[in-house]
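Those protein sequence lines, which keep their order, are chains A and E. The numbering of the first sequence is my numbering, which starts it at 1 and goes up by one. The numbering of the second sequence is my numbering, which starts it at 256 and goes up by one.
It is possible that part of the hints are untrue.
If you only want the chain E side, here are some residues facing chain A, beta carbon under 10 Å, derived [as the list claims (entries may be wrong)]: (1) I257; (2) A325; (3) L326; (4) F332; (5) G352; (6) H356; (7) G358; (8) A362; (9) A402; (10) R455.
None of these hints come from the bench; they were simulated from the model. Ideal Cβ positions, reconstructed from N, Cα and C, are used throughout, including at glycine.
Below are the chains, spelled out letter by letter.
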Amino acid sequence: MSTLQGIATPDRTENDRPPGGLDSFLLIVARARDLARPPVQAALWQQVQRGALDLGWLTFVIGSLAGAFTVATIEAGFGLGANLAVRVLTALVLGQLAGFVSALLLVAGPATAATFELGLMRQHGEMRTLRLIGVDPRAYLMLPRVLGFAVSLLVLTFIFQLASAVGGFALAALVTPISFTQQITTLSGSLAPGMLVMTGLRSLLLGAAIGVLVCEHGFSPAFSPARMPQVARQLLSRSLVAIVVVHGGFALLLS
Amino acid sequence: MIEIDDLEGAHFQLAHVAVPAGEMAAIVAPTAACAREFVDFLLGLALPQRGTVRLLGEALATLTESSRRALRSRLGFAAQADGLVGHLALWENILLGPAYHRGCDAASLEARMRQLLSWCGWTGEDAREALLRKPDHATPFERAAAAWMRALLVDPDLLVCEDLFAGLAAEERRRLIEGSVSFQAESPTRAAVFVLVGDRLLDELQPTQVTYLSLRGDFRAESQT
Numbered sequence: 001m002s003t004l005q006g007i008a009t010p011d012r013t014e015n016d017r018p019p020g021g022l023d024s025f026l027l028i029v030a031r032a033r034d035l036a037r038p039p040v041q042a043a044l045w046q047q048v049q050r051g052a053l054d055l056g057w058l059t060f061v062i063g064s065l066a067g068a069f070t071v072a073t074i075e076a077g078f079g080l081g082a083n084l085a086v087r088v089l090t091a092l093v094l095g096q097l098a099g100f101v102s103a104l105l106l107v108a109g110p111a112t113a114a115t116f117e118l119g120l121m122r123q124h125g126e127m128r129t130l131r132l133i134g135v136d137p138r139a140y141l142m143l144p145r146v147l148g149f150a151v152s153l154l155v156l157t158f159i160f161q162l163a164s165a166v167g168g169f170a171l172a173a174l175v176t177p178i179s180f181t182q183q184i185t186t187l188s189g190s191l192a193p194g195m196l197v198m199t200g201l202r203s204l205l206l207g208a209a210i211g212v213l214v215c216e217h218g219f220s221p222a223f224s225p226a227r228m229p230q231v232a233r234q235l236l237s238r239s240l241v242a243i244v245v246v247h248g249g250f251a252l253l254l255s
Numbered sequence: 256m257i258e259i260d261d262l263e264g265a266h267f268q269l270a271h272v273a274v275p276a277g278e279m280a281a282i283v284a285p286t287a288a289c290a291r292e293f294v295d296f297l298l299g300l301a302l303p304q305r306g307t308v309r310l311l312g313e314a315l316a317t318l319t320e321s322s323r324r325a326l327r328s329r330l331g332f333a334a335q336a337d338g339l340v341g342h343l344a345l346w347e348n349i350l351l352g353p354a355y356h357r358g359c360d361a362a363s364l365e366a367r368m369r370q371l372l373s374w375c376g377w378t379g380e381d382a383r384e385a386l387l388r389k390p391d392h393a394t395p396f397e398r399a400a401a402a403w404m405r406a407l408l409v410d411p412d413l414l415v416c417e418d419l420f421a422g423l424a425a426e427e428r429r430r431l432i433e434g435s436v437s438f439q440a441e442s443p444t445r446a447a448v449f450v451l452v453g454d455r456l457l458d459e460l461q462p463t464q465v466t467y468l469s470l471r472g473d474f475r476a477e478s479q480t
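Take the sequences, apply the hints, and build the full model.
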């Protein structure tokens, strides 16, 4: 039985650690009413800002390059025509790569930062203070992070998709004989709204899963400044598993 | 408001203490660990190995976690060390409790905050600049005053301060003590508990009652943990 600064044993102390896995999602649903509280709304907005808006331009650049490289490689490299180039872009870049790369960006930056922030808050006794003033850390810290990462990934994925279509086509038009208008026309003919809805749902689910992993690692009693590199590695590896599982699961559903 | 009997924790023991409304009590702890443990028991964050704690008429051991949290939302808690959220500015820290529990009524909060600022003699441009700082960049008095204002802004029946005066100058302590007296004087149903580490500030605080926590076991072993 471990002790927290030799004071209180965990079995007799209020627990602020998230339950983990599916139970965390259920906890989030149960605490959803706390979104009406202004500080929770402010924390949610801050998380979306850190997660999505701060990475927006980088995602736009990467998306544009991914779109341009795909179209240019198929059209100029293999000479397979605009139709196939746009179809491959739709299936591969918009359908898969956008969500995958956006999730990696989210994990590498904001998710790691949020994990460290939660861990240091716990180390500095700030979670005890929150509980002592009647603020539930799971409502004030966990709920905005899980929802914030879900919304952030949705926004980043959309920015990536938009960039790879608009920016990618514009760049590809500079190096291939296919015009921008021709590419957009082909895309509008091949783009299925259902696919966009599914990638949106997938982003929400995957973003929430990343948020749960962030909270699990950040709230962990084992967190300490000395273990930060190890925590970052664990978060990255578990997030990669989540990315593969969610993408694989949705691919199976669609097939 | 508070009734404690036969309390025993890992660091201290306490036979009995009762704090009715209108009292300004001092609980003197021999170490910071004792003070912290006492506050955890008093506010129901942890359950003691032995003894009973009744807070605002409720036996804490019989309450669920959510009930204890609801009870704490009716209290004001202030601590200087680790008493604030590090990534929020002081003004955000001050508003966190009232905004979380009661929503934002900007006009009434602002009026009350001005009153609290004047009570603790913290006004003018200094206060305006300080309130924008994060706790790491604030002075001990600014941190203590922010934690104190956050506690009082929820209009609590009971104010609990944990080692609030550590590192403060005599004048700064006087301002917070006088502010607490003014707050309590507003209503006879209010009470305050100051948990102090050591008894050297009792003369300044002039509480209506004083209770000492007794160390459990060997003090030398205690001080090494």
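The hints, checked one at a time:
1. I257: violated (15 Å)
2. A325: Cβ of A325(E) sits 7 Å from chain A, so the hint holds.
3. L326: holds (8 Å)
4. F332: holds (5 Å)
5. G352: At 5 Å from the nearest chain A Cβ, G352(E) passes the 10 Å test, so the hint holds.
6. H356: Nearest chain A Cβ about 6 Å off; hint holds.
7. G358: Since chain A brings a Cβ to about 6 Å from G358(E), closer than 10 Å, the hint holds.
8. A362: violated (15 Å)
9. A402: holds (8 Å)
10. R455: It is violated, given that the least Cβ distance between R455(E) and chain A is near 24 Å, above 10 Å.
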